[in-house]
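> Residue strings, one per chain:
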Amino acid sequence: MKGLKKKIALLLAMSMTAAMLAACGESGEENPDNEGGQEQEEAIVDGKYTEPVTISYAVKADAAMKFPEGDSYDDNVWSRYIADELGINLEVAWSADGATEAYSNKITMSIANDDLPDIFSVYYGDYYEAATAGMLADMTDLIEEYGSDQLKEIFANNEELVEACKIDGKLYCIPQFGTSSELNAQFLWIRQDWLDAVGMEAPTTWDELVEVARAFTTQDPDGNGVDDTYGIGLSGSSPWWGGIASFEGFAGAFQAVGSQNWIKNDEGEIVYGGIQPEMKEALAAANAMYEEGLLDPEFMTKDVETVIADIYNNKIGMAFGMNYAGYYPLLTAVQENPEAVWKPYPFVSATDELATCSVWWPLDTYTCISADCPNPEAAVLIANLYVATNNDETPAEVSEKYVYSGDTSTYMLCPVRMTASATEFETYRQVKAIEEGTMAYEDLVGVYKTNYDAIQAYLDGDTSQYGYWSQLGLEGAAGIVVDQYIPNNQVILTEIHGGMPEEVSGEVGLIQAAEIEYYAQIISGTLDIDAFDDWVDEFYTLGGDKVTEVVNETFNQ
Amino acid sequence: MRAEKQMKKNKKNKIKVSVGYRIFTVFNITLLILLALSCLLPFVNLFAVSLSGQFAVNSNSVSFWPKDFTLASYQFVLESGQFLQSFWVTVKRVVLGVSVNMLLVIPTAYVLSQPERKFKHRKIFAWFFVITILFSAGLVPWYTVVRATGIMGSIWALILPDAVPVFSMLVLMNYMRGLPEELQDAAFIDGAGHVRTLVSVILPLCLPSIATIVLFAMVGHWNAWFDGMLFMNRVEDYPLQSYLQTIVVNPEQYLASMRGSGSTAIQNLLNFVSARSTRAAQLFVAILPIMLVYPFLQKYFATGLTVGSVKG
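Order-wise, the sequence lines are chains A and B.
The C-terminal position of the first sequence is numbered 557 in the numbering used here, with every residue numbered one higher than the one before it.
The C-terminal position of the second sequence is numbered 312 in the numbering used here, with every residue numbered one higher than the one before it.
If you are wondering where the hints come from, they were derived from the structure by calculation, not from laboratory data.
Watch out, some of these pointers could steer you wrong.
Here chain A is said to cover these stretches of chain B; the calculated rule only asks that three of the stretch's residues, wherever they fall, bring their Cβ under 8 Å from a Cβ of chain A [to be verified]:
| id | region |
| --- | --- |
| 1 | 48-60 |
| 2 | 142-152 |
Residues from chain A shown here face chain B by an in silico Cβ test under 7 Å; the list is partial [stated by the list, open to error]:
| id | residue |
| --- | --- |
| 3 | 61 |
| 4 | 83 |
| 5 | 95 |
| 6 | 113 |
| 7 | 309 |
| 8 | 313 |
For each residue, glycine too, the CB sits at the ideal point set by N, CA and C.
Take these sequences, add in the hints, and give me the full structure.
Structure representation (structure tokens):
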């Protein structure tokens, strides 16, 4: 029996090696072959194929997507639009859910089997792997050759991001530019009606913030006669999500770099923000608030959804969160409770310096084109069409069809897409210009007009438009970025340009989980503040050295 | 005989229940009730959530009784094309999958239950199966094989990769080995072949064991979600549990998956978050069918499993 076991094991090992060799052989033969594009050149007239071509793509499906009757991922408003305008017949290679692992698993498998659709979108790790394996088409020249002026302008405006996407000097993707990095900054959201109830002004320093938290805790700001309120909302289990109840504002008050971001230290070396001494001060400050009862005693175990429930139940009137907190989750709070008015304020500082806010890299999705695709330039044409259709000046009747129809985000049906510019900042500038009389309402176009009207609707009492007002209005979050964060250089961009290198993803996962646990225990006093040094040790035990080294190799050239 | 009966009766009456035993019983019952409640209450909560209004759900104020009672969620489920379609895929999968499983498991178990002298290399064949329990090649080869066989995206991709559940096969094999060999010999003497023996003699005796492994197979197919996400080429073809996976992700996860699209993703997130009570309704409806099967098969469950393993 034993002999048999050995033989079988040997056989298995041999067959596995053979399979691996075969797989290597296959991918070795693949050479990026972009010559096909040249032959097609005459076939494109005015940015449209004279003979229709078929392009397959992978759908990153969204469970919230709703189609009108008869439409599907295979046949929808964008696939028809692309066929009519560009002569490109889109074909769904496969679709998989985007919010779970389904899509990324399927992509990983497709890369491993060298079975990629023509167009697909990936995160940095898969992008890097596929590009270095020679499985992606080189887009550097194609964008130059086929890109519209509008597209090239977007690339020019995002030069820093484009450079970070390049591998060995070549661009193997069409980056899915998102919102500007500064817009990922966070804010201090406060319930204005509570401030009024306790007769206080919005805090401008950390001490004032603690004062307000104290008043919110003890003075029954919601006036229900029950001592059921807390000073500030914080999620112990996801302090870095950022949407709301984040720890970033605590960190920023002490100029610490939070949100699991990396910074350059004075020696020019990239280091992890979460182990720097500033973070210790931030944790000590949070611990002091906890000891005083200004934090929810159960914050440690609360995930963001539970903290949001507390917000809805009028238990929390202050929290750090993103610019879009006014849409989710605060919109519901405002709609269900007419007195509630949540307003964003800039971070406050506990030191002589201004508060900082660290933000992640604004680009994380890369639209890739398979090296086997005979018409890689088709993706550039689709990008041209997308930016021509979905930009700041798109008239409402067009955007209602191709961007949002009703409550469905139809723009997501386009396989190649990107956000043209930081519409939020420009909206704020125009709203301000109208307020100051340097611009006329009649001059508003496209999305700016829609946004302006929504802000006015809120001011006229339509609470369903609260999100627009809190994000884009005169006192909104975008204005804080434009007038304070950007001119004062308060936003600190992470040094991780793209994504964590795949080879250290295991270590990074462990480190991030350990960090959250240590922080929650330090804030709640379960661990002494000096346990911060244990956490720093733990960081290195879990492979922090290796990660730091790899990060510096990759991003510090 | 009568005296014996009388004695038994007396003995029964005379057993005095000690205090210790009583305390133990009380503790035992309390503990079991608590255990049962801890399993049951989440379902009650889920049910209450599915019948409650949106704001009550989002503000976490629903416990075991619906608040702002509404049937809207169930109306949504019944009208939701995707839910019904996925439900249908799962029903197909369970029916086909369990049939294929049984069709392969029963003959395999029968052959492997034959003694060594009737089936010379029995052990080699047995190990051939057992090895698949001990070793698995991993995700990529699994995917590669399914892709190479050309069943990717069809219902067979969910059925064929695990067509022979080896553990169930072993359970049944051991049960068969526990049957008296003479039964088979008698059948042979009466002129029956292997097929006839299996169908007319062995199978009727194996019913408890077969009920058990049918239940295993049904629950396994009903609950499987990972292969559906991996092998289906269309989200519309996801089986029920894969589809449920896509709707139970939390808002953080959901938003993180859309980070690249910036604040334009918010509208989708709102649609998504406001669906918490409908998600509860869908989960609840998905549990029902398998819950209904359990009571009918459970009586076989204990005997089917233990008899096989003890005697084997």
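> All hints are to be evaluated individually against the structure, with a verdict given for each.
Against the structure, the hints come out as follows:
Counting residues of the region 48-60 of chain B whose C-beta sits closer than 8 Å to any C-beta of chain A gives 4, which meets the bar of three, so the coverage hint holds. For a cut-off of 8 Å, the count of residues in the region 142-152 of chain B with a CB near a CB of chain A stands at 3, and the three-residue condition holds. At about 4 Å, the closest approach between the beta carbon of residue 61(A) and any beta carbon in chain B falls short of 7 Å, and the interface hint on this residue holds. Annotation: interface hint on residue 83(A) violated; nearest CB of chain B at approximately 20 Å, more than 7 Å.
About 5 Å separates the beta-carbon of residue 95(A) from the nearest beta-carbon of chain B, less than 7 Å, and the hint is met. Annotation: residue 113(A) was flagged as interfacial toward chain B, and the flag holds, the nearest CB pair being 6 Å apart, inside 7 Å. Evaluation of the residue 309(A) hint against chain B yields a held restraint, the C-beta minimum of about 4 Å falling below 7 Å. A distance limit of 7 Å between C-beta atoms decides the matter here; for residue 313(A) the minimum to chain B is near 5 Å, and the interface restraint holds.
Violation of the numbered hints given earlier is confined to hint 4; every other hint is satisfied by the structure.
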